[in-house]
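Visitor: Residue numbers (the numbering used here), protein chains in the order written: chain A, 9 to 441; chain B, 9 to 441; chain C, 9 to 441; chain D, 9 to 441.
Calculated from the structure, these hints are not laboratory results. Predicted model, so just to flag it, every value in this text is computed and none were measured. Be aware that a few hints might be false.
Copies of the same chain look alike in the list, so a pair counts if it fits in one copy or across any two.
Said to hold, decoys possible - No farther apart than 25 Å at their CA atoms in a straight line, the calculated lysine to any residue pairs in the SDA-like style are these:
#1 Lys131 / Leu304
#2 Lys365 / Gly428
#3 Lys119 / Thr262
#4 Lys119 / Gln374
#5 Lys365 / Gly186
#6 Lys107 / Asp143
#7 Lys426 / Ala441
#8 Lys357 / Gln274
#9 Lys292 / Arg414
#10 Lys332 / Asp268
#11 Lys272 / Asp236
#12 Lys357 / Arg269
#13 Lys332 / Leu360
#14 Lys363 / Val237
#15 Lys131 / Ala104
#16 Lys173 / Trp419
#17 Lys357 / Thr238
#18 Lys16 / Asp29
#19 Lys131 / Asp85
#20 Lys272 / Asp254
#21 Lys357 / Ala441
#22 Lys332 / Gly376
4 protein chains.
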Amino acid sequence: MNKNHFAKTPPRGWNSYDYYDTNVKEHEVLANAEFMAKHLKPFGWEYVVVDIQWYAHNTASMRDQFQYIPFGENEMDAYGRLLPCPEKFPSSAGGAGLKPLADKIHGLGLKFGIHIMRGIPRKAAQEHLPILGTDVTADMVADPASIAQWNPDMYGVQNCEAGQKYYDSLLQLYADWGVDFIKVDDICATGFLPDRSYGRRHEVEMLHRAIQNCGRPIVLSLSPGPADVTESWHYKKYANMWRITDDFWDNWETLLYMFDRCEKWQDHVSMGCWPDCDMLPLGKIGREFGSQRDCLFTKEEQKTMMTLWCIFGSPLMLGAEMTKLDDWTLSLLQNEALLRLENGSFVSKQVLRDKEKCVWCAVDPQSGERYVALFNLTEQAREISVSWQECAQMFPQYTFPEENTRFTEVWSGDSYEKLGGKVAPHGTLLLRA
Amino acid sequence: MNKNHFAKTPPRGWNSYDYYDTNVKEHEVLANAEFMAKHLKPFGWEYVVVDIQWYAHNTASMRDQFQYIPFGENEMDAYGRLLPCPEKFPSSAGGAGLKPLADKIHGLGLKFGIHIMRGIPRKAAQEHLPILGTDVTADMVADPASIAQWNPDMYGVQNCEAGQKYYDSLLQLYADWGVDFIKVDDICATGFLPDRSYGRRHEVEMLHRAIQNCGRPIVLSLSPGPADVTESWHYKKYANMWRITDDFWDNWETLLYMFDRCEKWQDHVSMGCWPDCDMLPLGKIGREFGSQRDCLFTKEEQKTMMTLWCIFGSPLMLGAEMTKLDDWTLSLLQNEALLRLENGSFVSKQVLRDKEKCVWCAVDPQSGERYVALFNLTEQAREISVSWQECAQMFPQYTFPEENTRFTEVWSGDSYEKLGGKVAPHGTLLLRA
Amino acid sequence: MNKNHFAKTPPRGWNSYDYYDTNVKEHEVLANAEFMAKHLKPFGWEYVVVDIQWYAHNTASMRDQFQYIPFGENEMDAYGRLLPCPEKFPSSAGGAGLKPLADKIHGLGLKFGIHIMRGIPRKAAQEHLPILGTDVTADMVADPASIAQWNPDMYGVQNCEAGQKYYDSLLQLYADWGVDFIKVDDICATGFLPDRSYGRRHEVEMLHRAIQNCGRPIVLSLSPGPADVTESWHYKKYANMWRITDDFWDNWETLLYMFDRCEKWQDHVSMGCWPDCDMLPLGKIGREFGSQRDCLFTKEEQKTMMTLWCIFGSPLMLGAEMTKLDDWTLSLLQNEALLRLENGSFVSKQVLRDKEKCVWCAVDPQSGERYVALFNLTEQAREISVSWQECAQMFPQYTFPEENTRFTEVWSGDSYEKLGGKVAPHGTLLLRA
Amino acid sequence: MNKNHFAKTPPRGWNSYDYYDTNVKEHEVLANAEFMAKHLKPFGWEYVVVDIQWYAHNTASMRDQFQYIPFGENEMDAYGRLLPCPEKFPSSAGGAGLKPLADKIHGLGLKFGIHIMRGIPRKAAQEHLPILGTDVTADMVADPASIAQWNPDMYGVQNCEAGQKYYDSLLQLYADWGVDFIKVDDICATGFLPDRSYGRRHEVEMLHRAIQNCGRPIVLSLSPGPADVTESWHYKKYANMWRITDDFWDNWETLLYMFDRCEKWQDHVSMGCWPDCDMLPLGKIGREFGSQRDCLFTKEEQKTMMTLWCIFGSPLMLGAEMTKLDDWTLSLLQNEALLRLENGSFVSKQVLRDKEKCVWCAVDPQSGERYVALFNLTEQAREISVSWQECAQMFPQYTFPEENTRFTEVWSGDSYEKLGGKVAPHGTLLLRA
C-alpha cells in the first residue's frame, strides 16, 4: 500500500471537537453524519471524525476545573487498549467497540475517523498489563518520561519491538472496527522537549508501520502544530496530514498567522501529503466548552479563511454542529468553484505578502485553469492588484497568456477586467481566469 | 525557627550513593555510621544520609537495563507516603519506618538524613489515595505533567492547600522518625521545562513550610544542579544547600568545571546558605553500580578537590565506603588546618582565574587568619604566585599587613616565604599565613 | 592603588544626559556644578559627569533623523584620541582639552567625570593614525567587526599590546585633564554578540590596567545594562560600577523591573563594587531630546525610586537640570535619613517579593541601625507588613532584638509601632528602627 | 524579465576562490576560461567567476596575519563603487573596469561572473562620497551597524530610495561591463544578528530590483550559508541560487552534513531557484591559501559528492585550477549520464536516510527516465538496497513500472539486475533504469 494513495486529495469532513469538546455522544455523531450524507457529500465531504476522550467516563463532569480529569476512569481492554465509554457510545456495549457506529457511517457512504493520544495508557503501565501477542507487559514499553503536558492519559511508547507490537495491536483493533482515519495527538509538535520540536519521530514511524501491517488504508493525521518545517521530509514520508499551527479558533490573530505558515509550507503540498490548517470553526460551536455560540469571524473573514485553506490545499474539517448550519454558512461549503482548488491537480504559490496584503496564484497544469486570490490583511477596505507577469514569474515552467483576460470573482460572481479591485477589511477577492 | 540556624556551618557527613547506588541496606548504613562516630566525628563529620530508593523493592535486580525500574514496586502507606523497603531495612518492619535506624545513629552522636524525590507517588495518584488529614485524594494534588525525566516514581505536587497538607504529612512522618536532613531530588535544576531552569519553586517553598510546620530543624538540601545563579535569592530564602553542578564524579572535567561554578556562587555562601559542590568520590566507590573501584583522581587532584570545597565553603559529603578507607584518604578528612576553613567565619574570594591557574583567598575577619590557595589547572607542573596586594584588593574593607609574612603549606607542612611556588599538575598549594 | 578604594561609597552626582542628550555645553555644565556645590555637596553629591558626544560637531543638528549623526565630524588629535568640540567647550580651544573645565569643577570642591564609547575612532582606523608611543597604526589594533549597534563612532580595540598602549594613551590624557570618573559605554552588556552578553571582557581589563598605569584614581563605570549576573566576579574585579538594566527612564515598567534586578544583584554590593540602577530622571528633563518636560513619576513613585536605590546601595546620579529643581524634588536629594543608607556600612537584603509587594531590610552591623522598606507594587493602596522575625532570618549572623520597637517613617516623619501600615499606590514606607 | 528564466538549469562553471583565495589575477582567469571553453563547455560548463577582493590592493601581502587586511586600500570610483585593482587586472587600467576581461570570456563563448560583498564601502561612507544620480552622500545610506563579521570593507545599505539608487548604479556598471552573474556575500545567512538568520532581506530585494532595472539578465547568487529553510519563499522569489551550508571544503564532515541539508531543501529546487551546495573542491586547490594541494577526498567521496550535487540539482561550480586537472578528475566533470540529472526536468526525492545510508530517486516526468542513488555513509563497505515500491511511493502522481528492470551503474558502467549492491566506504552506486 502506498500511503500517498490513501488521501489523493486533501481530506474533507467534520470533527466533533469545536462543538462537543471531550463529550460527544453516539447519537450526535450520527445526526451530523446524516446531515453530511444529505447535504455535503455531493461536494466531496466524507470524513466523520470523533475527537478526544471517547474512551473516558465522566467527561465534562468537572468542566470548571479540568478539561481532562487527572487520572480519570478510562474504558480499557485487557491488553491496554482504550475502548469507547459505553455511556456515550451505547452501541459499543459488550465489546463491540466502535464497529457498530463505523458500520452506520459507512452505510451512509461516508468514512469514519477517530482521535487518539499517542502512546499507551498510564494505567496499563501502572498495572503491568500484557501486550497482545507478546510476553511483554506495558510497563516495559512505556516511556515514563514521555508524557503530554496537557493530558494525563498516556505514556509514550519506546522504540522497540514490543512497542511496535502494541501499536500493531491498536491498529488491528481499529481496522477491525472499520476506522478510516486516525488523528494522533501530542506527536506533531513536541516543544516541551528541550531543543526538540519534533521529538517523537519514532512513534510516527511506528504508527505508519502499524497501518501498513493492519492492511487497511487508514489516513494518518498528526496533531497539534506547529509542525517543524525543517522536518518536512519526515512528515511527508510517514503521515498524510499534519498541523501547521497550534489550535485554530475564530479570532483574527490566528487567521493572520496562518498566512505566514502557509507561506512556509506551500512547497510541501502534494498527493498524500497535506499540511493542515486545522478545523473550520464555522456556524454554531462551543456548546460543550460551556455554551453554544456563533462563529466570531465576520463573513469576510470566513470567506478569507475558506479561500486560504482551499488555495493552499489544506484538508477541510468542519467544526460546526452541522444540524444547525444556516444557509449562508452552508453555501461556503458548497461553493464548487472554490472547492475545485482542492482537486489535487492545482499548483499554488504565494506571489507576494506584506503587512497589508497577500496574493496567491493557483494553476492547474493539466486544464490550464488559473485562480488568483487577493487578501486584505488590514482593517480598512483597500485596492489590491497584482500584475499577470508577477504571477507568471512564480510558474516559470508554465506558459501564461501574455495578456490579462477576463476574470470571475468566485464569491460574488462578478466580472473583473483586471487582476485587482477593492477588497473589504480582512476580506478576499478570488478571481478565476 | 530560623532555617539559617539549622546549618550554621556547611553540613559534613556521608552519603550512600557513590558506593551503593540504589541498593544500600540497613546494616551497611550502620557500619558506616559506626566508623564515622569513631574516626571522623571528632573532625566535625556528623550526617549519615541514605540516598535514593530506600522505599523500592527489587532495586538492582535489572541493573543491566535500568537504574530505576519503570513502575516498580514501592513500599507505601495508606496516605501515599513511601516507606522503607523491609527487605533492605529490616528494622522498619511493622510500620516502624526509619525510626529504629535513626535512633541508632543518634545513639552514636550522629545525625540522620534521607533522600527523597519531590512530589507524590504516581501510584498514589493512580489509586486515588487519601491525603492525611484532608478529604482530598492524591489524584487531585498530583500534577500529571510534572515528572522527573529520569525516575518514574513521582508526580509533582500542585501549588494548593491540599498539596501543602501532603508535604506536611510527609515531614511530620520524617520528624517522627527523627530525620535531621532531607536531600530532595529533581527540584534544584529542572532544565527539561522549557525556559525554566528552576521551574518548581513552589515545591521548594512548600517543603520549607512543611519543615517549619513539623517543628523539627530539618536541613533542606536540593538536588541536582546546576542551580541557576540568577535565582540565588530564592534558594537562600528557603533552602540550606543546593547543588551547583550536575552529578560530580571522579574525572578532571567535572572538577575543572567546579572552578567556574565556584566563581559564580562565591558571593552566595553564608550562614545557613551553602552552595553545594556535591559528594566527594574518594576511596572505594561504585560497588552497586557494577563493581567496586578506587577513586580515579590522582592524589594531587584529591587535594585540589578538598581545598576547593573547603575554601569555597561547600558542604562535605563523603561518597566512599568508610569501612574501607585507607590511611592516606582518611588523612584528607582529618586535616584540621584545612577543615578550619569550614568553620563558618571565613570570607573567601577568587582572586584570579585563567586557563592555567586559579587563586583563592580566605580571611577570617574575627581572628585575622588568612589562607591563599594556588591551583594548577594544567597537566604540567608550574610556578604559580600572587601578590599580597592582589589578594588584599578583594577585601577592601579589611586591613591587610603591608608585607608578606611567612606561610605554612597546609598539605605538606612546608614553610614558604612568599605567596607562590611550584605546583604539581592538577595540584594545589594551600598557604596559611 | 586598590580600585575598590576609589569609590568607598556609591558615587553620587549629576549626569548631563537626561536633560541635554548629546548636546551639553560648557556653561551649562558649570551652572549645574555651581548649583551642586551650593545645595547638594553638603549631602554628599560630588560628581559632575559630561555624557556622550562632547567630541562631536553639529550634535542635535539632525535631531529628527538621528541621535548620532552617521560618520559625523568628531574632534580628534593626531593619535586618534577624541578631543572636546570647541564650539561646545570653548575653554578647550588650543589643545587645552577638558582641563580648564575640570579645574573649575575641582575649584568648587567637586569631581569631574566624562562619558566615552569603548574603542578607537573608526576614522582613526580608516586614516591609519599612529598610536602614541608606538610604531603601530590604529588600523592594526581596531577590530573591524566590533562595533556599537547604535553609535557609529568607534571600533573595538583588539586584545594586544598596542591596543593596551592606545588605552594607556587615552587615560594618560584624561589624567592630565584631571578626570575623576569615566562612564564607558557599549561594554557592560553586549547582547548583539551571539551568545555573549558580556563579550568585551578584555576591553574592561585593558581600561582597568590603563587606569592603574595612569596613576590617578579614576572611577570606572560600565554601561549600558543589563549586566550579566553570572559575570559578577569579573565586573567586581575590574570595575567600580556597572549598569544592571538597560536605560532607565520615568515609567513604572522600568522601575518595577528594577526590583527584579536588585533582587538578583543584592549580594554583589560591596566597597568599590556598586551595581548601578542608572540615573534618576527627576525634576526637569528631556530638553535636548525635543522639549523640556517634568518627570513623569508620581511623588510616591519618586520616593519609591529613591528608597530602592538607597536601600540597595546603587550609585545616585541625578538626571535633572539642577538649576531648575523645585523644592520638593530637592528635598528628595537632601534627606539625610535616607542617604545614610548609602554610607557603605549597611548590609541589605530583600526579605520578600511577590506581584503585590516587596520588602527590604538593611542593617548596619557597626551601629546596629536598622531600616525596613515596604514597597507597594500595585495601583491600589494596601496594607503591607512584615514580621521582625522574617527580617531577622535574612541576617542569621546578627543579633536582632526579640521585640519590635518603635519606628520612624523616613519620608513622613511619622511614628509607627509595628512593621507595617497602609502604603500608597506604587508607594513606599521606609521605617527606621 | 522573469528572473527564473536567467537560470533555467542549475548554473555550471568555475570559481577562483578554492585555488586563488583573494588573489586571482587576470591572466589566471583567462587561462582557466580557455581551458573551460575547450574541454568543459561541451558538457554545459559556462560560467567563469572571479571571487572576492578583485578590487583590493596588496591582497595576500599579510597572509600570515589576515585574509582580509583591515582597512586596506581598495580601488573605488568617485561614486563609491569598487573597481578592479589594476595591478591584478591590467586591462582595467584607465577606467575600463572588468569590461575587457568580460569581453574576452564572452569571446570564448562563456559567461562572466564576479563576487561582491553586499553594501557600500566603509571608505565611501567615511568620505561622504556622492551616490550617482542623486544629491545624497554615502554616509546617509550606509547602515553603520550592519557589517560583515569577517570582512572590513563594507557597510550595509539602508532600505531607502537613495540606497536603491546606489545598488542601481552598481548593477548598471556591472551591466556595462558585461557581467552575467553576481555572487553576493554576507547576505544569505546573517547569524550574527540576534535571532535573525536572514536579517538583510531588504538588500536581497534591492539587488533583485537593481538587476531588473539594469535590463541585463544577471544571475543572483547568495552567500554564505546555511540559508534558513523557513525563508525559502523569499530566496526563491528574489534570487537564483543560495548557499545551503557554510563554506564547503574537502572533508567528510561537511559532505556528510550536506545530506542533511539536501533533505531539508529538496522540495525547493525548481527552474530559476537552485539551492546551492557550494563549490567542488576537486583537483588542485589551495595555492593562494598557502600552498597548492590535491583534493583530500577519496575517489569514492568525489563520486559521492558529484552524485549528490547532481541528483539534488545543485549548481556546479568547480574550485579546481582547471589547467592542472588530471584525467580522472576531468572525467567526473564530463560524465554525461551524470550531468543529465542537471537538465532541469528531473524531480528528485530522498527515499530514506539513516546513519548508515541514504537513497535518492530522480524521475523525469517527460522522458520517464529514472535514477536511484545509493550512498554509503559509513567507513565500511556495505550492501545497500531499496525496493522499487519504496521509491515509487515518493512519486505518487507518476506511474512506475511494476517490476524492477535492468539498471546501469553510471560511474562503472556495470549492469545491475536489482536496486542494490555492495557500496564502497563513503561511496555511491548511481543506478539508471
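Visitor: Taking the hints in turn, state whether each one holds.
Guide: Structure-based check of each hint:
{"no.": "1", "hint": "Lys131 / Leu304", "in the structure": "neither (39 Å within a copy, 44 Å between copies)"}
{"no.": "2", "hint": "Lys365 / Gly428", "in the structure": "within (12 Å within a copy, 51 Å between copies)"}
{"no.": "3", "hint": "Lys119 / Thr262", "in the structure": "neither (29 Å within a copy, 48 Å between copies)"}
{"no.": "4", "hint": "Lys119 / Gln374", "in the structure": "neither (29 Å within a copy, 36 Å between copies)"}
{"no.": "5", "hint": "Lys365 / Gly186", "in the structure": "neither (45 Å within a copy, 37 Å between copies)"}
{"no.": "6", "hint": "Lys107 / Asp143", "in the structure": "neither (28 Å within a copy, 41 Å between copies)"}
{"no.": "7", "hint": "Lys426 / Ala441", "in the structure": "within (10 Å within a copy, 48 Å between copies)"}
{"no.": "8", "hint": "Lys357 / Gln274", "in the structure": "both (7 Å within a copy, 17 Å between copies)"}
{"no.": "9", "hint": "Lys292 / Arg414", "in the structure": "neither (37 Å within a copy, 60 Å between copies)"}
{"no.": "10", "hint": "Lys332 / Asp268", "in the structure": "neither (32 Å within a copy, 50 Å between copies)"}
{"no.": "11", "hint": "Lys272 / Asp236", "in the structure": "both (10 Å within a copy, 11 Å between copies)"}
{"no.": "12", "hint": "Lys357 / Arg269", "in the structure": "both (13 Å within a copy, 23 Å between copies)"}
{"no.": "13", "hint": "Lys332 / Leu360", "in the structure": "neither (38 Å within a copy, 47 Å between copies)"}
{"no.": "14", "hint": "Lys363 / Val237", "in the structure": "both (22 Å within a copy, 21 Å between copies)"}
{"no.": "15", "hint": "Lys131 / Ala104", "in the structure": "within (22 Å within a copy, 31 Å between copies)"}
{"no.": "16", "hint": "Lys173 / Trp419", "in the structure": "neither (50 Å within a copy, 42 Å between copies)"}
{"no.": "17", "hint": "Lys357 / Thr238", "in the structure": "both (19 Å within a copy, 15 Å between copies)"}
{"no.": "18", "hint": "Lys16 / Asp29", "in the structure": "neither (29 Å within a copy, 52 Å between copies)"}
{"no.": "19", "hint": "Lys131 / Asp85", "in the structure": "both (11 Å within a copy, 20 Å between copies)"}
{"no.": "20", "hint": "Lys272 / Asp254", "in the structure": "both (15 Å within a copy, 22 Å between copies)"}
{"no.": "21", "hint": "Lys357 / Ala441", "in the structure": "within (16 Å within a copy, 33 Å between copies)"}
{"no.": "22", "hint": "Lys332 / Gly376", "in the structure": "neither (38 Å within a copy, 51 Å between copies)"}
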